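The sequence shown runs contiguously to residue 203 in numbering that gives the first Met the number 0.
What the hints contain is simulated information worked out from the structure, not anything from laboratory work. No false leads were mixed into what you were given.
Between beta-carbon pairs, the in silico distance windows are:
| no. | residue 1 | residue 2 | range |
| --- | --- | --- | --- |
| 1 | Glu124 | Ala181 | 41 to 51 angstroms |
| 2 | Ala68 | Ala24 | 26 to 36 angstroms |
| 3 | Asp101 | Arg19 | 19 to 29 angstroms |
| 4 | Glu120 | Asn188 | 36 to 46 angstroms |
Keep in mind the model is a prediction, meaning the values are calculated, not measured. Heads up, the beta-carbon is just placed ideally off N, CA and C, and yes, glycines get one too.
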Amino acid sequence: MVSRMSSGLVEPVTARDHVRGPKAAALTLVEYGDFECPYCRTAVEIVNGLQQALGDQLTFAFRHFPMRAVHPHAQHAAEVAEAAAAQGRFWDMHDRLFTGEDALDDDSLLRYARELSLDWERVREELASHSHDARIGRDQLSGTASGVASTPTFFIDGIRYDGSVSLPKMLAAIRELHPEVAVSEPLPNAPRIPRVRWTREEHP
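Take the sequences, apply the hints, and build the full model.
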(Lines of atoms letter the chains of each structure in order from A and count residues from 1; the text may use other names and numbers.)
(Lines give C-alpha, C1' and ligand atoms only; values in the text may rest on other atoms or scores of the structure.)
Protein backbone atom coordinates (compact mmCIF):
# COMPACT_ATOMS: atom_id res chain seq x y z
CA MET A 1 0.00 0.00 0.00
CA VAL A 2 2.88 2.37 0.69
CA SER A 3 3.80 1.92 -2.96
CA ARG A 4 0.62 3.85 -3.74
CA MET A 5 1.98 6.86 -1.94
CA SER A 6 4.37 9.26 -3.55
CA SER A 7 5.57 12.86 -3.21
CA GLY A 8 5.15 14.98 -0.12
CA LEU A 9 3.16 17.97 1.05
CA VAL A 10 5.26 21.10 0.63
CA GLU A 11 3.35 23.28 3.11
CA PRO A 12 2.51 21.52 6.39
CA VAL A 13 -0.75 22.13 8.20
CA THR A 14 -0.63 25.28 10.33
CA ALA A 15 -3.00 27.48 12.30
CA ARG A 16 -4.12 29.16 9.05
CA ASP A 17 -5.69 25.93 7.78
CA HIS A 18 -9.33 24.95 8.13
CA VAL A 19 -9.22 21.81 10.27
CA ARG A 20 -11.60 19.36 11.87
CA GLY A 21 -10.40 17.25 14.74
CA PRO A 22 -7.75 17.77 17.42
CA LYS A 23 -4.76 19.71 16.14
CA ALA A 24 -2.47 17.39 18.11
CA ALA A 25 -3.99 14.22 16.62
CA ALA A 26 -1.71 11.34 15.66
CA LEU A 27 -2.78 11.49 12.00
CA THR A 28 -3.27 14.38 9.60
CA LEU A 29 -5.28 14.14 6.39
CA VAL A 30 -5.17 17.03 3.92
CA GLU A 31 -7.51 17.32 0.95
CA TYR A 32 -7.09 19.67 -1.99
CA GLY A 33 -10.63 20.04 -3.25
CA ASP A 34 -12.99 21.88 -5.58
CA PHE A 35 -16.58 22.63 -4.54
CA GLU A 36 -17.86 21.99 -8.07
CA CYS A 37 -16.01 18.67 -8.47
CA PRO A 38 -18.42 15.69 -8.34
CA TYR A 39 -15.65 13.43 -7.04
CA CYS A 40 -14.97 15.83 -4.17
CA ARG A 41 -18.66 15.66 -3.33
CA THR A 42 -18.40 11.87 -3.15
CA ALA A 43 -15.20 12.15 -1.13
CA VAL A 44 -17.04 14.02 1.64
CA GLU A 45 -18.70 10.77 2.73
CA ILE A 46 -15.37 8.95 2.62
CA VAL A 47 -13.69 11.59 4.78
CA ASN A 48 -16.64 11.51 7.18
CA GLY A 49 -16.20 7.74 7.36
CA LEU A 50 -12.52 8.12 8.18
CA GLN A 51 -13.35 10.60 10.92
CA GLN A 52 -15.95 8.23 12.34
CA ALA A 53 -13.58 5.27 12.21
CA LEU A 54 -10.56 7.09 13.65
CA GLY A 55 -12.18 9.63 15.96
CA ASP A 56 -9.77 11.92 17.81
CA GLN A 57 -6.78 10.21 16.21
CA LEU A 58 -7.40 12.18 12.99
CA THR A 59 -7.12 15.83 12.03
CA PHE A 60 -8.62 16.74 8.64
CA ALA A 61 -7.65 19.89 6.74
CA PHE A 62 -9.35 21.17 3.59
CA ARG A 63 -7.48 23.34 1.09
CA HIS A 64 -8.87 25.02 -2.00
CA PHE A 65 -7.94 23.89 -5.49
CA PRO A 66 -10.67 25.26 -7.79
CA MET A 67 -10.35 23.81 -11.30
CA ARG A 68 -11.48 26.96 -13.05
CA ALA A 69 -10.88 25.65 -16.58
CA VAL A 70 -13.56 22.97 -16.17
CA HIS A 71 -15.63 24.24 -13.22
CA PRO A 72 -16.77 27.83 -13.83
CA HIS A 73 -18.36 28.26 -10.40
CA ALA A 74 -15.58 26.70 -8.31
CA GLN A 75 -13.67 29.92 -7.65
CA HIS A 76 -16.68 31.84 -6.38
CA ALA A 77 -17.75 28.86 -4.27
CA ALA A 78 -14.30 28.87 -2.65
CA GLU A 79 -14.59 32.63 -2.08
CA VAL A 80 -17.96 32.20 -0.39
CA ALA A 81 -16.51 29.47 1.83
CA GLU A 82 -13.75 31.88 2.86
CA ALA A 83 -16.29 34.65 3.43
CA ALA A 84 -18.11 32.25 5.74
CA ALA A 85 -14.79 31.46 7.44
CA ALA A 86 -14.37 35.17 8.13
CA GLN A 87 -17.59 34.88 10.16
CA GLY A 88 -16.47 31.67 11.88
CA ARG A 89 -18.60 29.34 9.74
CA PHE A 90 -16.24 27.71 7.22
CA TRP A 91 -17.28 24.14 7.91
CA ASP A 92 -20.98 24.96 7.84
CA MET A 93 -20.54 26.44 4.37
CA HIS A 94 -18.23 23.61 3.30
CA ASP A 95 -20.93 21.09 4.18
CA ARG A 96 -23.67 23.17 2.57
CA LEU A 97 -21.79 23.49 -0.71
CA PHE A 98 -20.97 19.80 -0.91
CA THR A 99 -24.13 18.23 0.46
CA GLY A 100 -26.78 20.58 -0.89
CA GLU A 101 -28.05 20.84 -4.42
CA ASP A 102 -25.61 21.33 -7.27
CA ALA A 103 -26.44 25.02 -7.86
CA LEU A 104 -23.33 27.15 -7.36
CA ASP A 105 -24.23 30.31 -9.26
CA ASP A 106 -23.80 33.55 -7.33
CA ASP A 107 -27.49 33.85 -6.42
CA SER A 108 -27.44 30.34 -4.95
CA LEU A 109 -24.22 31.01 -3.06
CA LEU A 110 -25.74 34.10 -1.45
CA ARG A 111 -28.89 32.13 -0.64
CA TYR A 112 -26.76 29.59 1.21
CA ALA A 113 -25.19 32.45 3.18
CA ARG A 114 -28.66 33.62 4.20
CA GLU A 115 -29.71 30.07 5.11
CA LEU A 116 -26.71 29.86 7.44
CA SER A 117 -27.71 33.20 9.03
CA LEU A 118 -24.49 34.85 7.90
CA ASP A 119 -24.20 38.56 7.24
CA TRP A 120 -24.97 37.90 3.61
CA GLU A 121 -24.49 41.51 2.53
CA ARG A 122 -20.93 41.30 3.83
CA VAL A 123 -20.54 38.02 1.97
CA ARG A 124 -21.84 39.67 -1.20
CA GLU A 125 -19.39 42.56 -0.83
CA GLU A 126 -16.47 40.22 -0.26
CA LEU A 127 -17.48 38.12 -3.24
CA ALA A 128 -17.73 41.21 -5.46
CA SER A 129 -14.35 42.53 -4.32
CA HIS A 130 -12.65 39.10 -4.39
CA SER A 131 -11.45 39.73 -0.85
CA HIS A 132 -10.30 36.15 -0.36
CA ASP A 133 -8.46 35.55 -3.63
CA ALA A 134 -5.06 35.65 -1.95
CA ARG A 135 -5.98 32.95 0.54
CA ILE A 136 -7.36 30.67 -2.17
CA GLY A 137 -4.36 31.37 -4.38
CA ARG A 138 -1.97 30.39 -1.59
CA ASP A 139 -3.76 27.06 -1.21
CA GLN A 140 -3.49 26.48 -4.94
CA LEU A 141 0.19 27.37 -5.06
CA SER A 142 0.97 25.00 -2.21
CA GLY A 143 -1.00 22.28 -3.99
CA THR A 144 0.78 22.82 -7.29
CA ALA A 145 4.15 22.77 -5.51
CA SER A 146 3.11 19.46 -3.94
CA GLY A 147 2.25 17.92 -7.31
CA VAL A 148 -1.53 18.36 -7.17
CA ALA A 149 -3.07 18.31 -10.65
CA SER A 150 -6.59 16.99 -9.99
CA THR A 151 -9.26 16.90 -7.33
CA PRO A 152 -9.65 15.46 -4.86
CA THR A 153 -6.01 14.90 -3.94
CA PHE A 154 -5.20 13.64 -0.45
CA PHE A 155 -2.08 13.68 1.70
CA ILE A 156 -1.77 11.32 4.66
CA ASP A 157 0.75 12.64 7.17
CA GLY A 158 2.28 14.71 4.40
CA ILE A 159 2.57 11.87 1.87
CA ARG A 160 0.41 11.99 -1.23
CA TYR A 161 -2.09 9.15 -1.46
CA ASP A 162 -2.44 7.82 -5.00
CA GLY A 163 -4.61 4.77 -4.40
CA SER A 164 -8.33 4.29 -4.93
CA VAL A 165 -10.37 6.82 -3.00
CA SER A 166 -12.42 4.52 -0.81
CA LEU A 167 -12.79 4.11 2.93
CA PRO A 168 -11.24 0.59 3.14
CA LYS A 169 -8.30 1.46 0.87
CA MET A 170 -7.50 4.70 2.65
CA LEU A 171 -7.77 3.05 6.06
CA ALA A 172 -5.41 0.32 4.86
CA ALA A 173 -2.89 2.96 3.81
CA ILE A 174 -3.21 4.68 7.18
CA ARG A 175 -2.73 1.39 9.02
CA GLU A 176 0.37 0.64 6.98
CA LEU A 177 1.87 3.95 8.05
CA HIS A 178 0.54 3.72 11.62
CA PRO A 179 -0.11 0.11 12.68
CA GLU A 180 -0.89 1.35 16.18
CA VAL A 181 -4.08 3.22 15.24
CA ALA A 182 -7.37 1.95 16.60
CA VAL A 183 -10.26 1.71 14.14
CA SER A 184 -13.87 1.74 15.31
CA GLU A 185 -15.93 -1.09 13.88
CA PRO A 186 -18.13 -1.61 12.00
CA LEU A 187 -17.03 0.76 9.26
CA PRO A 188 -19.69 3.12 7.91
CA ASN A 189 -21.06 2.38 4.46
CA ALA A 190 -19.20 5.00 2.40
CA PRO A 191 -19.01 5.22 -1.41
CA ARG A 192 -15.83 4.90 -3.41
CA ILE A 193 -14.33 6.72 -6.38
CA PRO A 194 -13.20 4.01 -8.84
CA ARG A 195 -9.98 4.94 -10.58
CA VAL A 196 -11.47 3.88 -13.92
CA ARG A 197 -13.98 6.73 -13.53
CA TRP A 198 -11.63 9.14 -11.81
CA THR A 199 -10.61 11.26 -14.76
CA ARG A 200 -7.67 13.52 -14.06
CA GLU A 201 -8.79 17.06 -14.74
CA GLU A 202 -5.52 18.84 -15.31
CA HIS A 203 -5.10 22.21 -13.65
CA PRO A 204 -4.02 24.82 -16.21
